[in-house]
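K.L.:
Each chain is listed here by its residues.
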Amino acid sequence: MSAATEPAIRARGVRKVFASGGREVVALDGIDLDVAPGEFVCLLGPSGCGKSTLLNAIAGFSLPSSGQLTALGRPVTGPGPERAMVFQEYALFPWMTVERNVAFGLEIAGAAPERRRQVVEALLLKLGLADFRDRFPKDLSGGMRQRVAIARVLAIDSPMLLMDEPFGALDALTRRSLQDELLRIWAELEKTVVFVTHGIEESIYLADRVVVMTYRPGTVKRIVPVNLPRPRDPASPEFNALKREVTALVMEEQARHQADEASPTAD
Amino acid sequence: MAGSAARLFRSLVVPVALLLVWEGISLAGWVTPLILPSPTAVAARWWAYLTPMEPFEATAGPWWRWALSGELPSDVFTSLMRIAVGFAIGAGLALPLGLLMGARPLVHELFNPLLQVLRPIPPIAYIPLAILWFGLGNPPAFFLISLGAFFPVLMNTIAGVRAVDAIYLRAARNLGAGEWTLFWRVMIPAAMPYILTGIRVGVGVAFIVVIVAEMIAVNTGLGYRILEAREYFWSDKVIAGMITIGLCGLGIDLGMSRLTGRLLRWHRGVEG
Ligand SMILES: Nc1ncnc2c1ncn2[C@@H]1O[C@H](COP(=O)(O)OP(=O)(O)O)[C@@H](O)[C@H]1O
Ligand SMILES: [Mg+2]
Numbered sequence: 001m002s003a004a005t006e007p008a009i010r011a012r013g014v015r016k017v018f019a020s021g022g023r024e025v026v027a028l029d030g031i032d033l034d035v036a037p038g039e040f041v042c043l044l045g046p047s048g049c050g051k052s053t054l055l056n057a058i059a060g061f062s063l064p065s066s067g068q069l070t071a072l073g074r075p076v077t078g079p080g081p082e083r084a085m086v087f088q089e090y091a092l093f094p095w096m097t098v099e100r101n102v103a104f105g106l107e108i109a110g111a112a113p114e115r116r117r118q119v120v121e122a123l124l125l126k127l128g129l130a131d132f133r134d135r136f137p138k139d140l141s142g143g144m145r146q147r148v149a150i151a152r153v154l155a156i157d158s159p160m161l162l163m164d165e166p167f168g169a170l171d172a173l174t175r176r177s178l179q180d181e182l183l184r185i186w187a188e189l190e191k192t193v194v195f196v197t198h199g200i201e202e203s204i205y206l207a208d209r210v211v212v213m214t215y216r217p218g219t220v221k222r223i224v225p226v227n228l229p230r231p232r233d234p235a236s237p238e239f240n241a242l243k244r245e246v247t248a249l250v251m252e253e254q255a256r257h258q259a260d261e262a263s264p265t266a267d
Numbered sequence: 268m269a270g271s272a273a274r275l276f277r278s279l280v281v282p283v284a285l286l287l288v289w290e291g292i293s294l295a296g297w298v299t300p301l302i303l304p305s306p307t308a309v310a311a312r313w314w315a316y317l318t319p320m321e322p323f324e325a326t327a328g329p330w331w332r333w334a335l336s337g338e339l340p341s342d343v344f345t346s347l348m349r350i351a352v353g354f355a356i357g358a359g360l361a362l363p364l365g366l367l368m369g370a371r372p373l374v375h376e377l378f379n380p381l382l383q384v385l386r387p388i389p390p391i392a393y394i395p396l397a398i399l400w401f402g403l404g405n406p407p408a409f410f411l412i413s414l415g416a417f418f419p420v421l422m423n424t425i426a427g428v429r430a431v432d433a434i435y436l437r438a439a440r441n442l443g444a445g446e447w448t449l450f451w452r453v454m455i456p457a458a459m460p461y462i463l464t465g466i467r468v469g470v471g472v473a474f475i476v477v478i479v480a481e482m483i484a485v486n487t488g489l490g491y492r493i494l495e496a497r498e499y500f501w502s503d504k505v506i507a508g509m510i511t512i513g514l515c516g517l518g519i520d521l522g523m524s525r526l527t528g529r530l531l532r533w534h535r536g537v538e539g
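Protein chains in written order, with this note's numbering: chain A, 1 to 267; chain B, 268 to 539.
Please keep in mind that the hints were generated in silico from the structure rather than gathered at the bench.
One should not assume that every hint holds.
Stated by the list, open to error - For each label pair, taking beta carbons as the anchor points, the in silico distance ranges come out as: (1) B:R371 <-> A:R256: 42 to 48 angstroms; (2) B:G270 <-> A:R184: 49 to 55 angstroms; (3) A:G128 <-> B:L530: 42 to 48 angstroms; (4) A:D131 <-> B:G445: 29 to 35 angstroms.
Being a predicted model, the structure only gives us computed values, none of them experimental.
Each residue gets a CB set at the ideal place from its N, CA and C atoms; glycine is no exception.
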């Protein structure tokens, strides 16, 4: 089987059970999902529905309790640089400057200094970080930090980007400009992107396909393809039709989430 | 400018007033100089303690060696050398052990009970044992100072490693870091604020212990000097020695805080 026909990610019957305080929480159940190479997929659902759990399983931080999960044709057994993660809390190393953060992955991979310098330089320019190279993360705005986090994973040239609500903490304008930047990078570098969000508009703005998840247990409720040309206009009637459709799906799960919150005896 | 001059003035009011009262009491003859010598007598004694005892001779060597040939410079050098050696031994043992205990629960389980029993014993309480084991001279002083530095560095290093946010480890692993890289490039720098706190406390304890050790186990250094002066009833020299000890302590603390500020430029709440 050639790499082109093989999905970048394949999940079959993925189940994840957490033991918490003596009882079991089924965070994921029966997840079947294929992500094609170069595809941009959003995982969407109310908070607590298992989006992070699924992404962490793909990243290899927390393996499924049962089911099969393969990435780039190999079973996931742990974290690896071919599945680079961008965290919502940025997770930049606060003791390194912007430049050192971006260079970290190349340094530990033993890249030649000259190549390292070139790659880092190009990324600092691409993400508008050149003037901030010597700053420490504490001196950057949230948007800048997330740019550094993106540059840091791009530096290791991972074929896959896993992003867990990466723009969730940003204001609307910064978020939109980073979304556009991410789309540009994705189109240029042909990465496979799995992007977790609870923003309906964000998911339709970004994704080739939106995977709407159910709440407790987390399963795939519906996969909604977004066949709109990019750049997409959130004000267009087509965009809004999709938005209504997806909103209805998410609201069903949100209602279950709220019922769950309201009655602690329910679980 | 006016503001800083006013601030300087305010900061000097109390010390200067105190010195004037002290001098006044001495001039009035209310207390014998043996109990409380006048500030001017202390200053004169301090100057004599600081400056060379022999006149300068160009043939004997360079002028700076002559300038540092007084009793005080040599005492300061001796005491600081003892702190440096003792601290290097104590911290040199505490740092790797603390890193291991923080990172490996098994190592922690093995060593923690023993350390919890030993930790509350003040280093001063080891003096009799130190003399029995090492006799007199530098070795018991090194032993006591290293003990004093050991526990603050150890405890803070353990706490620092344990407080490392798991997200940094995740991020580093995700970028391809192995255990070794994780340890050197993530764990240690992330724990550095704690480690430096431990080092600062450890140096402070080492400074206390060196003075005590010099009063008991050796016959050189600042601690010995003020005890010797008491035996001759040179109270002005006792106070001059104490002031020297205070200045050394201040210097060490300023140096440590500059070092900390420099190493923790990246850290929130630390001014670069
Ligand atoms: N380490 C854990 N231990 C126990 N329960 C967990 C753990 N991680 C997640 N969960 C539970 O699994 C469910 C899904 O969590 P998560 O994947 O974080 O949701 P989302 O990212 O969609 O908000 C939640 O009910 C959460 O409480
Ligand atoms: Mg989440």
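K.L.:
For each hint, tell me whether it holds in the structure or not.
P.N.:
Results of checking the hints against the structure:
1. B:R371 <-> A:R256: 42 to 48 angstroms: holds (43 angstroms)
2. B:G270 <-> A:R184: 49 to 55 angstroms: holds (52 angstroms)
3. A:G128 <-> B:L530: 42 to 48 angstroms: violated (30 angstroms)
4. A:D131 <-> B:G445: 29 to 35 angstroms: holds (33 angstroms)
The earlier numbered hint that this structure contradicts is number 3, and it is the only one.
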